[in-house]
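> Spelled out, the chains give:
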Amino acid sequence: MKSLLVGFLLILPLAAADDDSFLIRGATVHPVASAEIQNGSVLVQNGKIVGIGRNIAAPKGTRIVEGKGLHVYPGMIDSATEMGLSEIGAVRESVDVGEIGKFDPQLRAEIAINPSSEHIPVTRANGITSVIAMPMSAGGGGGFGRGGGGSIITGQAALVHLDGWTWEEMEIKKSAGMGMRFPIIPPPPGRFFGADFPGAKTFTESKKDYETELRELKEFFENARRYQKAKAAKEKGFQTDLKYEAMLPVLEGKEPLIVMASRERAIRDAVQFADQQKVRVIIADPRELGKMGTELKSRNIPAILGPTLALPLHEDDPYDAAYTLPDQFYKAGVKFAFGSFDNQFARDLPYQAAMAVAFGLPVDEAVKAVTLNAAQIWGVADRIGSIEEGKSADLMVTDGDPLEAKTQVKLLYIKGKTVDLDNRHKRLYEKYLNRP
Amino acid sequence: MKRLPILVLLMASALFAAPPGAIAIHNARVIPVSGPAIAKGTVVLRNGLIEAVGADVTVPADAWVIEGDGLTVYPGLIDALSTFGLPDAAPAPSGGGARGATPQPATPAPAQPAAPPARGPEDRPFTTSWLKAADLVKPTDRRLESVRAEGYTTAVTFPNHGIFAGQGAIVNLAGETSGAMVVAEGAGQYLTFTTTPGFGGGFPNSLMGVLAYVRQVYLDADHYKQAKQFYAAHSRGTPRPEFDRALEGVLESSRVLLPATRRVEVDRLLRFANELHVEALLYGLPEGYRSADLLKNAAATALVSLKWPEKAKDSDPEEPDSIRVLEVRDHAPSTPAVLARSGVRFALYSGGIDRRADLFKAVKRAIDAGLAPEDALRAMTLTPAEIYGVADRLGSIEKGKIANLVVTKGDLFVDKTEVKYVFVDGVKFEPVEEPPPAKPGAPEASNPGENQ
Amino acid sequence: MKFACCRRSWASFWLAPLTSRRLVLLFATSLAAATPPIVIQNATILTVTKGTLNGSVLIRDGKIAEVGEKIMVPADAKVIDASGQFVMPGIIDCHSHIAADSINEGSVSVSSMVGIEDVLNPDDISIYRAVAGGVTTANILHGSANSIGGKCTVIKLRWGKDAHDMIFQGALPGIKFALGENPKRAGNPTGQRIGAGNVQGRYPATRMGVEDVIREAFNEAKVYQQSWKDYNEKIAQGEQPAAPRRDLKLEPLVEVLEGKRLVHAHCYRADEILMLLRVADDYGFKIRTLQHVLEGYKVAKEIAAHGAGASTFSDWWAYKLEAFDAIPYNAAIMTRKGVLVSLNSDSDELMRHLNDEAAKTMKYGGLNETEALSLVTINPAKQLMIDNRVGSIEVGKDADLTIFDKHPLSNYAKVEKVFIDGQLYFDRASDLADRPERETEKKKLMDKEKEEQKKNAPVGRGRPAA
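Chains as they are written, first to last, in my numbering: chain A, 1 to 436; chain B, 1 to 452; chain C, 1 to 466.
Okay, chain A solo, but in the shape it has when bound (with noise of 0.2 Å):
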């Protein structure tokens, strides 16, 4: 019973303003920015990196974390969850990850996070200091079931520091893309069960929707910017939509389109879209890259690569067509970041980079896409990402490899902040352990 209370208040962020100073000394410091450093040291002065180096001189009462046989890295990202949208997978009370809509802009994923989820100290724990949490459709890959079927604009997601009391706290960039769902036509449903799925639709039925998606979607762009017209001229009777206005950004430039486009085609179609209207897009979950590498890479439009343990997608495909999608993407000179698309599995993000280092990535370039490459693509990059001076000083402190499972996260450190590395997991496990 002490040990669970204790474990409690473990668990609570700890805010003492003097812990986000410190000196990290005499570890490997993988900058990710530049070369890693061999017996090198991190400052950290409010929260903030303020120095880099092999040899730093710290002021006088600067705590002192010894490094020796560790190695510090910047905090990684998982550029796509559903953290604190979703509790309990097959529990619907506890998701709130897709909405009833099918044009839905005005949603705000950073509302609905729950700090208090389970699954950000789990997450955390294993070195993932922020991640995107992002609104999605059941009807375009956001999962069986789970209400909201087939929005194509899903809503804001928000990129969010694991942790702080509240949403507020954690928020690093309240909207950082549009969640979207390029319409497509679904693929052949085959067998289920061993039965035919039941309403299966022709692939004319199927083309026909897809149309007609299409033609809703290009309206509702039509719509927003006739409202941002009115807008700008200020015109009599003028009144606030609450969905065309979350467009303005978009519309803008300012913000991305987070285009969920899997198959070649949609991603074609994702990027003629783009071509349109004028926006700016990030291809998300892509499962292929076909002949789309030179496309994206001369439009400089960048990729969250979803799930690289992932099955191919025809049984034709090579075994490791998964595996090696990251490194078509790094050859073709896409920029990506790795997103889990979950919740469960997000701790497991640093294992998808690795399977693609063993079929061919780069391990930097591996490195990079869960760190430096998502602060890039969501625009936090003089914030986050890199251990370099003037950044948050979100750091983990490994005792090895951070894409090698047995390797251990020592230390996490949030804006400074050191975080406590405890979770519901932790404590069952000792609980457990120590049955009589």
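These aren't lab readings, by the way, just hints derived from the structure by calculation. No experiment lies behind these values; they were computed from the predicted model shown. There may be inaccurate statements among the hints.
[Said to hold, decoys possible] Below 25 Å or equal to it, Euclidean Cα-Cα: the simulated DMTMM-like pairs (lysine to aspartate or glutamate) are:
| hint | chain 1 | residue 1 | chain 2 | residue 2 |
| --- | --- | --- | --- | --- |
| 1 | C | K442 | B | D314 |
| 2 | A | K218 | A | E168 |
| 3 | C | K444 | A | D317 |
[Said to hold, decoys possible] Selected chain B positions facing chain C (Cβ under 7 Å, derived; list incomplete):
| hint | residue |
| --- | --- |
| 4 | H26 |
| 5 | P116 |
| 6 | E176 |
| 7 | T177 |
| 8 | S178 |
| 9 | G179 |
| 10 | V182 |
| 11 | L207 |
| 12 | A212 |
| 13 | Y218 |
| 14 | A221 |
| 15 | L326 |
Note that CB positions come from ideal geometry on N, CA and C, so glycine has one too.
Starting from the known structure of chain A, fit chains B and C onto it as the hints suggest.
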């Protein structure tokens, strides 16, 4: 020698009884199938039977003569697995509660069984094993005219809905009455692997469940037989075994027809039949080309559907089929050739193709893939007759056999060949090429071997 | 998408379901029966049971003939230089649903009459993909929709062979049980309280009912068992009694009672785990493995006492309510408390990197390398009672070997070669080399079909109405 004007002959085709006297096809090329071709021969038909065939046969004095110059006479084709003759194909499956239920009319029923979901094998789901094609066949099946135009004179026809769908019969594809069409019954029990869709329906809802059910039914049938025998010997003092028409139907069928599309199914079902101690005919076989070793080792017989697998018409051009699927579609027509080379006994069946041009094209594809034309012909005539034990009556042009013939101008299975006459039980038909247009709203009969 | 057990795979719902077909141009898997011996040399050999050494493995007649730092290379041997590479026993997955044409007979609460062996499908591409992940043996289980499910079969992943030739001959057959949310869900699909409205469903709808279904079934099985005993006794006494009806549902349960069939029970919560152990105790049989057993760590003591094995996930949790107390330390705690533990996949995908799953137990609970590797090799072999044949690199065992380019507990490792019975079933170099040819072959078939379609357009059906 009387020579009747053509007009009279045409009138004869309107009658379903063999005309009085004899018909002689004189000086035609005759392909008896059971023996070598006769370059110039005569076939004499009388009382619905073949009275004589040969190069030196004298035309009887009372015969109506068809001059055979430029014509070829073949045995009538036999559709080795069919629903031809069953106008509504079959009654719908029973979802359960079949035992002791009132007989269902032989009419199309809605796809969803009205019976409560079956709770297990004891409820005899999807079972109408007692149904007999011989009882259900009707000369009014609208398809008969067009399939005769393909050269078919006989079909081995089966009720085709359900796991134990019912018992087949060998029927001639014309007749004044239902009874007149039946050549023989007891062609076998037709099985399909029907399941309830999704969860929550009755048993079985998986292929595993179907196979377990079939296995249990055979065990039950065996037990039922013993129990009945025991009861017959010890009626007094023994509780009477409950009458089970599902098992009665199974016990009546010495032969089962099992659907086998892929090699794995050939393998699976040959083992299964062996385990159940039943004679099995595997049907479908688009992957027969890669299953010949299995069939040969088991000395099995295959019924190969001529409806070769095709690319789905309404498919996404950006979703190519897998190489395996492409290969099957490419190689399937080579199945008969491979089976012939491997010494596997096989018959070809129409798979529901009811247009001559389509049927001939389908056979032609098998021939192009290496099947000898004479093997193709045999697989559509004498071999099916042998398989079903009616080779003493059907399948070749021999004295005493039923007068089922196809008379063509040109070789069978050649595109331009014209089917001039078809004789069924000695009655002459002149083919009408086009099938009659379907009545609006009329249900389309499904055919065995499709969608397997 | 298989409705097998648990995990909601992200986006799997709408991605193209993979058809189950075999690759055509597979490199030669079928070395002739009288193959020359093979020597894998200069490798780091992780025997799992006999330590780790740098040396060679000699394969002869499908068996491991010699393992050592220096061995004599037979003159006729084919030599594989595995310098810098790691040889481990072929991975064994104690819970898989690949290679079967159907998985769940979900209609009835007790579906023990059905069996996976009837529907094994050797054309399932997942077999090849699993081999490419180093797996050589898998326990193919019925789904979890029924309190007592169907019969299970252990197979070797002999890709390219017919169904029957994949079966692991000599392995005891199994049967699936399932507790908790899955078997009761079919009874209560809406989640409403039974009796609260128009909820009609299949019994059971509660964990109480699940226990009852199992007890009822074994009660029935005992009566059935007795009826045959009585019958056989009468036969032995020269009588001619009427034979009882054979019941395919009850026969496997009698086999369970007689210890001839292994019970693999899907379970999550501690209460239901304990319930099943006690039911088994009452009826005098053993639970061979508890599958998933995500709260096994809470009742590890009781599991160990019963002698049940536990086959669990590395780190799955929170996908449903009964998985909310799941912890990644489960395998470690149970191991420490004396339970025989394995890690399984229950997934076509996860199956391809069970070595990575094993590595997680080093992080969560501090298992050592050998303990971690055991979770996917010798331990599942013991659970399936095939450890005399597979699960470690020992002389006399089947030559089921996986060669990795790096230590298999590294997430950077990938499989280079896989042997089953001494035959090469996967070779990465060949797989890579064959890819262009397969693409050409496919294109040829597609082009040919287009030509044929023009030529053979059917005239029947679908013609414009006159």
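> Compare the structure with each hint and give your call.
Verification of the hints:
Between C/K442 and B/D314 the CA atoms are separated by roughly 21 Å; this keeps the pair inside 25 Å, and the hint holds. Restraint check for A/K218 and A/E168: the C-alpha separation of about 34 Å exceeds 25 Å, so the hint is violated. Using a Cα cut-off of 25 Å, the hinted pair C/K444 and A/D317 holds, with the two alpha carbons roughly 17 Å apart. About 34 Å separates the beta-carbon of B/H26 from the nearest beta-carbon of chain C, more than 7 Å, and the hint is not met.
Restraint check, B/P116 versus chain C: the minimum CB separation of about 11 Å is more than 7 Å; hint violated. A distance limit of 7 Å between C-beta atoms decides the matter here; for B/E176 the minimum to chain C is near 28 Å, and the interface restraint is violated. This hint is violated: B/T177 has a C-beta 29 Å from the nearest C-beta of chain C, more than the 7 Å allowed. Residue-level restraint check for B/S178 is violated (minimum Cβ-Cβ distance to chain C is 27 Å; threshold 7 Å).
The beta carbon of B/G179 comes no nearer than 31 Å to any beta carbon in chain C, farther than 7 Å, and the hint placing it at the interface is violated. Checking B/V182 against chain C by beta carbon gives a least distance of about 28 Å; that is not within 7 Å, so the hint is violated. With a cut of 7 Å, the hint placing B/L207 at the interface with chain C holds, because the nearest CB-to-CB distance is about 4 Å. With its C-beta approaching chain C no nearer than about 4 Å, B/A212 sits inside the 7 Å limit, and its interface hint holds.
Checking B/Y218 against chain C: minimum C-beta separation of about 10 Å lies over 7 Å; hint violated. Look at B/A221: its Cβ only gets to about 11 Å from chain C, farther than 7 Å, so that hint breaks. Taken as an interface hint, B/L326 checks out: its beta carbon lies about 4 Å from the nearest beta carbon of chain C, inside 7 Å.
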